[in-house]
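Protein chains in written order, with my numbering: chain L, 1 to 376; chain P, 1 to 376.
Derived from the structure by calculation, the hints contain no laboratory data. Warning: the hint list may mix true and false statements.
Just so you know, same-sequence chains aren't split out, so a pair can sit in one copy or run between any two.
Said to hold, decoys possible - Pairs of lysine-lysine, BS3-like flavour, derived with a Cα cap of 25 Å:
#1 38 x 314
#2 139 x 166
#3 105 x 89
#4 89 x 338
2 protein chains.
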Amino acid sequence: MKFEISRTLLDNTLQSVSRGLSNKTPLPILMGIQLIAKDNLLTFITTNKEISVRVILESSDDLDIIEDGSCVVPGKYFVDIVKRIEGEKVEVTLFDQTTIKILSKNSDFTLRAYEKNNFPNTNFDLNTQPIVLKSKELKQIVKQTSFACASTEERIILTSINLTIKDDQLTVIATDSFRLARRTSSISSDFNSKIQINIPCKSLEEFSKILNDYNEDVNVYISNNQVLFKVANLSFMSRLVEGTYPDTSSLIPNDFLLSIKLNREELISVVNRASLFIDSENISFVKFSLSKNSNNIEISSNSTEIGRVVENLKPIEVSENQDFQIAFSTKYLMDALKAFETQDVIMYFRGEIRPAIITSESNVELKQLLIPVRTF
Amino acid sequence: MKFEISRTLLDNTLQSVSRGLSNKTPLPILMGIQLIAKDNLLTFITTNKEISVRVILESSDDLDIIEDGSCVVPGKYFVDIVKRIEGEKVEVTLFDQTTIKILSKNSDFTLRAYEKNNFPNTNFDLNTQPIVLKSKELKQIVKQTSFACASTEERIILTSINLTIKDDQLTVIATDSFRLARRTSSISSDFNSKIQINIPCKSLEEFSKILNDYNEDVNVYISNNQVLFKVANLSFMSRLVEGTYPDTSSLIPNDFLLSIKLNREELISVVNRASLFIDSENISFVKFSLSKNSNNIEISSNSTEIGRVVENLKPIEVSENQDFQIAFSTKYLMDALKAFETQDVIMYFRGEIRPAIITSESNVELKQLLIPVRTF
Numbered sequence: 001m002k003f004e005i006s007r008t009l010l011d012n013t014l015q016s017v018s019r020g021l022s023n024k025t026p027l028p029i030l031m032g033i034q035l036i037a038k039d040n041l042l043t044f045i046t047t048n049k050e051i052s053v054r055v056i057l058e059s060s061d062d063l064d065i066i067e068d069g070s071c072v073v074p075g076k077y078f079v080d081i082v083k084r085i086e087g088e089k090v091e092v093t094l095f096d097q098t099t100i101k102i103l104s105k106n107s108d109f110t111l112r113a114y115e116k117n118n119f120p121n122t123n124f125d126l127n128t129q130p131i132v133l134k135s136k137e138l139k140q141i142v143k144q145t146s147f148a149c150a151s152t153e154e155r156i157i158l159t160s161i162n163l164t165i166k167d168d169q170l171t172v173i174a175t176d177s178f179r180l181a182r183r184t185s186s187i188s189s190d191f192n193s194k195i196q197i198n199i200p201c202k203s204l205e206e207f208s209k210i211l212n213d214y215n216e217d218v219n220v221y222i223s224n225n226q227v228l229f230k231v232a233n234l235s236f237m238s239r240l241v242e243g244t245y246p247d248t249s250s251l252i253p254n255d256f257l258l259s260i261k262l263n264r265e266e267l268i269s270v271v272n273r274a275s276l277f278i279d280s281e282n283i284s285f286v287k288f289s290l291s292k293n294s295n296n297i298e299i300s301s302n303s304t305e306i307g308r309v310v311e312n313l314k315p316i317e318v319s320e321n322q323d324f325q326i327a328f329s330t331k332y333l334m335d336a337l338k339a340f341e342t343q344d345v346i347m348y349f350r351g352e353i354r355p356a357i358i359t360s361e362s363n364v365e366l367k368q369l370l371i372p373v374r375t376f
Numbered sequence: 001m002k003f004e005i006s007r008t009l010l011d012n013t014l015q016s017v018s019r020g021l022s023n024k025t026p027l028p029i030l031m032g033i034q035l036i037a038k039d040n041l042l043t044f045i046t047t048n049k050e051i052s053v054r055v056i057l058e059s060s061d062d063l064d065i066i067e068d069g070s071c072v073v074p075g076k077y078f079v080d081i082v083k084r085i086e087g088e089k090v091e092v093t094l095f096d097q098t099t100i101k102i103l104s105k106n107s108d109f110t111l112r113a114y115e116k117n118n119f120p121n122t123n124f125d126l127n128t129q130p131i132v133l134k135s136k137e138l139k140q141i142v143k144q145t146s147f148a149c150a151s152t153e154e155r156i157i158l159t160s161i162n163l164t165i166k167d168d169q170l171t172v173i174a175t176d177s178f179r180l181a182r183r184t185s186s187i188s189s190d191f192n193s194k195i196q197i198n199i200p201c202k203s204l205e206e207f208s209k210i211l212n213d214y215n216e217d218v219n220v221y222i223s224n225n226q227v228l229f230k231v232a233n234l235s236f237m238s239r240l241v242e243g244t245y246p247d248t249s250s251l252i253p254n255d256f257l258l259s260i261k262l263n264r265e266e267l268i269s270v271v272n273r274a275s276l277f278i279d280s281e282n283i284s285f286v287k288f289s290l291s292k293n294s295n296n297i298e299i300s301s302n303s304t305e306i307g308r309v310v311e312n313l314k315p316i317e318v319s320e321n322q323d324f325q326i327a328f329s330t331k332y333l334m335d336a337l338k339a340f341e342t343q344d345v346i347m348y349f350r351g352e353i354r355p356a357i358i359t360s361e362s363n364v365e366l367k368q369l370l371i372p373v374r375t376f
């Protein structure tokens with residue numbers, strides 16, 4: 001195997017495929033990148049237990065495949081070398097099936113290849129009808145929901161993001177049982193029946209990072225136990241999480257006791273200051289107080305040991321002035337507010353100890369649900 | 001105590017004095033900032049076991065002292081609050097000697113004050129003749145030497161930086177016994193006798209960070225066990241390390257077997273690539289090989305497990321072509337090279353297992369000594 005490639009093209013390709021590398025694994029081969037040069041195509045493949053990534057490059061001015069062949073190169077070292085070498089072109093040659101030479105400008109690197117027969121078989125073809133999503137929209141969906149996934153594995157299903165496709169609507173839900181993020185999108189799908197899958201949150205976050213380098217549409221293929229994303233010359237496969245995602249459809253009702261419209265940036269600043277007053281477990285809370293006789297909302301936080309902050313925020317609109325108090329974790333509230341890109345948000349309340357909903361008039365597709373805390 | 005102050009002025013002042021705060025200490029009072037309002041002056045003081053910092057602000061358009069008094073405010077919280085509040089002006093008021101109110105725009109913060117009588121006495125006057133240094137030069141001296149200090153406390157004296165003032169020359173030395181950094185500077189001093197002190201490396205690094213906000217000259221006052229830096233309205237006091245610094249005067253001789261002049265940036269790139277090949281203890285080495293018959297220098301690094309890199313570097317000048325090999329820790333060599341700001345460096349060698357010296361024709365005041373390793 002021998003090829004000459006533009007350093008920039010190789011570097012960019014490795015940035016994408018390296019997302020599928022294992023860092024620590026009982027199977028060292030999973031720390032390698034499979035390279036296959038064949039029929040004027042150069043293929044890069046990585047795989048770990050969760051995801052597999054493939055990029056296929058065609059011969060071009062930037063890539064000259066001199067000799068066909070294949071090998072598995074130590075991933076981290078290959079990536080780091082290409083990041084640090086200079087020169088416009090890189091020559092990669094496999095000797096004796098065991099030694100990979102990487103030549104660029106004045107640098108002459110030699111790496112030991114992994115035993116290529118140990119590399120697992122990877123499949124990047126699911127023969128299903130794809131859903132087409134804009135790359136930018138998919139990135140936004142992940143950013144607006146993934147933070148709400150459970151970070152511990154007590155209930156594995158909650159470490160995944162739930163996608164439902166029904167008629168021409170995609171609904172994406174993430175929850176750790178203390179808060180919930182729900183985002184809907186219009187799509188054109190040819191599916192007749194409802195489809196529901198659970199994608200590991202980490203897989204979607206990794207794919208979302210790769211998408212920073214792509215503007216093309218993403219084709220999403222779904223099978224029983226896998227989901228495959230294809231964008232331009234890149235394929236990204238993830239396993240699915242088995243099991244039934246909790247039914248959350250009744251959690252976001254349409255009747256409310258009270259709604260408050262607020263400037264989002266202003267509210268973020270206030271919550272940021274309130275988050276200074278942490279308790280002995282490093283958690284901070286923020287309390288909203290409305291009064292029948294005032295047009296302002298008092299937002300406060302305190303810690304018996306340290307002190308207290310009180311702020312007055314002028315709402316843009318309140319549905320009805322009334323005596324009302326509710327408190328939230330500052331972290332969860334902050335995450336929810338940062339998921340929006342709008343100028344204003346509306347908070348809907350049903351009671352002082354019932355879940356609140358945050359949305360925005362200019363982004364009704366996104367709803368953030370927060371369970372209040374009883375600290376005051 | 002009550003004063004109104006510009007938020008920017010308060011924020012900048014706190015950035016400087018907070019360098020003297022203890023993070024974790026059996027004495028909580030050392031996590032506080034002492035505030036003293038008196039005679040149209042507002043004084044901020046912090047102290048821990050190593051250093052003390054004081055800033056004195058005069059009444060001005062940016063500072064209105066409304067009522068004299070003093071208190072000790074929780075340092076970290078005061079700093080964080082001022083960083084996050086909005087508005088141009090901040091009002092700080094002490095109530096009942098126990099409660100500090102911080103008002104700004106819509107924010108109303110209350111903090112519990114520390115018991116002010118517990119705050120240690122601090123002294124910021126040493127009645128000695130000062131040495132005057134340019135702020136920029138002092139920062140450069142610290143950057144060019146401090147990295148060579150010992151990071152472990154096996155020999156406390158090596159965790160300090162040694163300063164010698166003799167005639168009109170300042171000599172600054174740092175060493176961890178594997179490498180040594182020496183920087184000389186011309187100063188105008190009125191001292192008749194030689195002065196030698198050891199300043200804790202961490203103290204100098206903290207003061208150097210504060211200096212980023214100052215362009216004025218720095219006055220340095222030295223006593224038996226303390227050093228005091230004064231710049232504009234800021235005073236920075238550090239304890240000295242007791243004991244005799246090792247005599248290193250014979251380590252940098254003037255006779256050499258071989259010298260090589262190299263482009264510094266090029267050499268840094270090569271060493272950066274060589275540092276990829278770490279051994280089982282996470283250490284990497286780089287080997288320089290010269291040959292009687294070649295004008296190039298071969299720079300190489302290898303790891304039996306991973307692979308090998310060989311580079312050819314064209315030197316700007318070699319004193320005499322000869323067969324010669326020497327190896328260094330890539331980390332130590334990199335630190336030494338980064339201490340220079342010059343285009344070229346010269347490496348002086350006395351033998352394959354004897355210390356090498358790095359300097360630059362355009363910066364002869366700086367010398368970096370490296371002990372070679374025998375790995376090849």
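Hints numbered earlier in the text: which of these fail when held up against the supplied structure?
Violated hints: 1, 4; rest satisfied.
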